[in-house]
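Note that the protein sequences, when read in sequence, are chains A and B.
Everything in the first sequence is counted per my numbering, starting at 1 for the first residue and increasing by one.
Everything in the second sequence is counted per my numbering, starting at 1 for the first residue and increasing by one.
Heads up, a few of these hints could be off.
[Claimed, not checked] Capping the alpha-carbon separation at 25 Å, the derived lysine to any residue pairs in SDA-like fashion look like this:
| no. | chain 1 | residue 1 | chain 2 | residue 2 |
| --- | --- | --- | --- | --- |
| 1 | B | LYS78 | B | ARG101 |
| 2 | B | LYS44 | A | THR26 |
| 3 | B | LYS44 | A | SER94 |
| 4 | B | LYS44 | A | ILE50 |
| 5 | A | LYS5 | B | ALA2 |
| 6 | A | LYS101 | A | ASN113 |
| 7 | A | LYS71 | B | GLU102 |
| 8 | A | LYS101 | B | GLY53 |
| 9 | A | LYS56 | A | LEU66 |
| 10 | B | LYS62 | B | LYS78 |
| 11 | B | LYS62 | A | PRO82 |
| 12 | A | LYS56 | A | SER94 |
| 13 | A | LYS54 | B | GLU102 |
| 14 | B | LYS15 | B | PHE97 |
| 15 | A | LYS68 | A | ALA41 |
| 16 | A | LYS68 | A | GLN6 |
| 17 | A | LYS101 | B | ALA2 |
| 18 | A | LYS54 | A | ILE20 |
| 19 | B | LYS11 | B | ARG64 |
| 20 | A | LYS37 | B | ILE38 |
| 21 | A | LYS101 | B | LEU46 |
| 22 | A | LYS101 | B | SER66 |
| 23 | A | LYS37 | A | GLN2 |
| 24 | B | LYS44 | A | PRO114 |
| 25 | A | LYS71 | A | GLU58 |
| 26 | B | LYS44 | A | PRO79 |
| 27 | B | LYS78 | B | GLU102 |
| 28 | B | LYS15 | B | GLU102 |
| 29 | A | LYS101 | B | PHE97 |
| 30 | A | LYS54 | B | PRO8 |
| 31 | B | LYS44 | A | GLY16 |
| 32 | A | LYS54 | A | SER74 |
| 33 | A | LYS5 | B | SER66 |
| 34 | B | LYS83 | A | ALA41 |
| 35 | A | LYS56 | A | PRO114 |
| 36 | A | LYS71 | A | ASP24 |
| 37 | B | LYS44 | A | ASN113 |
| 38 | A | LYS71 | A | PRO82 |
| 39 | A | LYS37 | B | GLN36 |
By construction, these hints were calculated from the structure, which means they are not laboratory data.
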Amino acid sequence: DQQVKQNSPSLSVQEGRISILNCDYTNSMFDYFLWYKKYPAEGPTFLISISSIKDKNEDGRFTVFLNKSAKHLSLHIVPSQPGDSAVYFCAASSSRQGAQKLVFGQGTRLTINP
Amino acid sequence: EAGVAQSPRYKIIEKRQSVAFWCNPISGHATLYWYQQILGQGPKLLIQFQNNGVVDDSQLPKDRFSAERLKGVDSTLKIQPAKLEDSAVYLCASSQFTGTREETQYFGPGTRLLVL
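Build out the structure end to end from the sequences listed, making use of the hints.
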């Protein structure tokens with residue numbers, strides 16, 4: 001039962017352009033969403049989060065959008081830089097089911113081409 | 001500030017053998033997590049500790065997996081006996097307790113286990 005899905009295993013974007021990573025979820029009790037970034041041989045690192053009471057959160061080049069009716073969120077990176085090449089994981093949690101219990105998607109490998 | 005430390009980084013064992021992983025969280029972090037990440041999948045929470053007490057172990061296969069955090073700092077995760085499907089990266093994470101969902105989890109580099 002995959003509650004958080006990232007349907008694109010990989011994405012290739014040219015340096016300077018916008019990268020858009022997508023994530024869908026099925027559990028309507030999820031009320032907090034996060035994106036993590038992972039380099040090879042390292043653990044995931046927190047990137048940005050959004051609460052279900054918002055539809056947008058911005059932090060520098062990174063913006064997360066949440067569409068609750070569609071159960072969909074996306075991460076926008078503008079402009080994309082070579083250092084952004086990594087695997088990106090979407091994660092979700094529910095205040096009622098354990099606020100720190102994160103459910104992760106499968107990940108999307110982003111490659112930024114010079 | 002030192003990050004989450006894990007050892008060993010790699011381990012190869014044969015099925016039915018036992019294996020143990022060690023984790024040292026960030027100093028002062030009361031909450032510690034163990035995740036299993038199978039190739040091509042996202043991390044899956046196995047167990048969550050608050051100090052030395054278990055908060056959630058609903059996804060821990062208790063017939064073969066065990067974990068402890070005796071003094072509320074370091075933790076060990078053990079698999080006995082290992083199966084082929086246990087081949088994965090085992091990630092440890094820690095967070096500073098705030099009681100809110102905004103607790104950021106900091107991950108260690110993981111232990112890559114291969115069961116032959």
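A quick look at each hint next to the structure:
1. Of the pairs offered as hints, the one joining B:LYS78 and B:ARG101 is violated, with about 28 Å between alpha carbons and a cut-off of 25 Å exceeded.
2. A distance of roughly 17 Å separates the Cα atoms of B:LYS44 and A:THR26; the hinted pair therefore holds under the 25 Å criterion.
3. Between B:LYS44 and A:SER94 the CA atoms are separated by roughly 15 Å; this keeps the pair inside 25 Å, and the hint holds.
4. A threshold of 25 Å between alpha carbons decides the hint, and for B:LYS44 with A:ILE50 the separation of about 21 Å falls inside it, so the pair holds.
5. In summary, the hint linking A:LYS5 to B:ALA2 is not supported, as the alpha carbons are separated by about 33 Å, beyond the 25 Å threshold.
6. Between the alpha carbons of A:LYS101 and A:ASN113 the distance comes to roughly 35 Å, so the proposed pair goes past 25 Å and is violated.
7. For the hint pairing A:LYS71 with B:GLU102, the CA-to-CA distance comes to about 21 Å; that is within 25 Å, so the pair holds.
8. A hinted pair counts as satisfied when its Cα atoms are at most 25 Å apart, and A:LYS101 with B:GLY53 qualifies at roughly 16 Å.
9. For the proposed pair A:LYS56 and A:LEU66, the alpha carbon gap of about 6 Å is at most 25 Å, so the pair holds.
10. With a C-alpha separation of about 10 Å, the suggested pairing of B:LYS62 with B:LYS78 holds against the 25 Å cut-off.
11. Restraint check: the Cα-Cα separation between B:LYS62 and A:PRO82 comes to about 43 Å, which exceeds 25 Å; the hinted pair is violated.
12. The straight-line distance between the Cα atoms of A:LYS56 and A:SER94 is roughly 18 Å, inside the 25 Å bound, and the hint therefore holds.
13. At roughly 14 Å between alpha-carbon atoms, A:LYS54 and B:GLU102 fall within 25 Å of each other, so this suggested pair holds.
14. A threshold of 25 Å between alpha carbons decides the hint, and for B:LYS15 with B:PHE97 the separation of about 37 Å lies outside it, so the pair is violated.
15. Taking the CA atoms of A:LYS68 and A:ALA41, the gap is about 34 Å. The hint is violated against a cut of 25 Å.
16. Restraint check for A:LYS68 and A:GLN6: satisfied, since their Cα atoms lie roughly 16 Å apart, inside the 25 Å limit.
17. A hinted pair counts as satisfied when its Cα atoms are at most 25 Å apart, and A:LYS101 with B:ALA2 qualifies at roughly 24 Å.
18. Between the alpha carbons of A:LYS54 and A:ILE20 the distance comes to roughly 19 Å, so the proposed pair stays at or under 25 Å and holds.
19. Proposed proximity of B:LYS11 and B:ARG64 is supported: the alpha carbons are some 17 Å apart, at most 25 Å.
20. Proximity of A:LYS37 to B:ILE38 is assessed by CA-CA distance (about 17 Å); at most 25 Å being required, the pair is judged to hold.
21. Restraint check for A:LYS101 and B:LEU46: satisfied, since their Cα atoms lie roughly 10 Å apart, inside the 25 Å limit.
22. Between A:LYS101 and B:SER66, the direct Cα distance comes to roughly 19 Å. Compliance with the 25 Å bound is thereby established for this hinted pair.
23. Restraint check: the Cα-Cα separation between A:LYS37 and A:GLN2 comes to about 20 Å, which is no more than 25 Å; the hinted pair holds.
24. The straight-line distance between the Cα atoms of B:LYS44 and A:PRO114 is roughly 34 Å, outside the 25 Å bound, and the hint therefore fails.
25. Note on A:LYS71 and A:GLU58: the hinted pairing holds, with a Cα-Cα distance of about 19 Å set against a maximum of 25 Å.
26. This hinted pair does not check out: B:LYS44 and A:PRO79 have alpha carbons roughly 31 Å apart, beyond 25 Å.
27. With a C-alpha separation of about 29 Å, the suggested pairing of B:LYS78 with B:GLU102 is violated against the 25 Å cut-off.
28. At roughly 39 Å between alpha-carbon atoms, B:LYS15 and B:GLU102 are farther apart than 25 Å, so this suggested pair is violated.
29. Between A:LYS101 and B:PHE97 the alpha-carbon distance is near 13 Å, which keeps this suggested pair within the 25 Å criterion.
30. Between A:LYS54 and B:PRO8 the alpha-carbon distance is near 41 Å, which puts this suggested pair outside the 25 Å criterion.
31. Between B:LYS44 and A:GLY16 the CA atoms are separated by roughly 33 Å; this puts the pair beyond 25 Å, and the hint is violated.
32. Using a Cα cut-off of 25 Å, the hinted pair A:LYS54 and A:SER74 holds, with the two alpha carbons roughly 13 Å apart.
33. Taking the CA atoms of A:LYS5 and B:SER66, the gap is about 29 Å. The hint is violated against a cut of 25 Å.
34. Under the criterion of a C-alpha separation no larger than 25 Å, the hint pairing B:LYS83 with A:ALA41 is consistent with the structure, at around 23 Å.
35. For the hint linking A:LYS56 to A:PRO114, the alpha-carbon distance of about 29 Å lies beyond 25 Å, and the restraint is violated.
36. For the proposed pair A:LYS71 and A:ASP24, the alpha carbon gap of about 6 Å is at most 25 Å, so the pair holds.
37. With a CA separation close to 31 Å, the supplied pair B:LYS44 and A:ASN113 exceeds the 25 Å bound.
38. Proposed proximity of A:LYS71 and A:PRO82 is contradicted: the alpha carbons are some 30 Å apart, above 25 Å.
39. Distance hint between A:LYS37 and B:GLN36 is fulfilled; the C-alpha atoms sit about 17 Å from each other, no more than 25 Å.
Taken one by one, the earlier hints fail for this structure at numbers 1, 5, 6, 11, 14, 15, 24, 26, 27, 28, 30, 31, 33, 35, 37 and 38, listed in ascending order.
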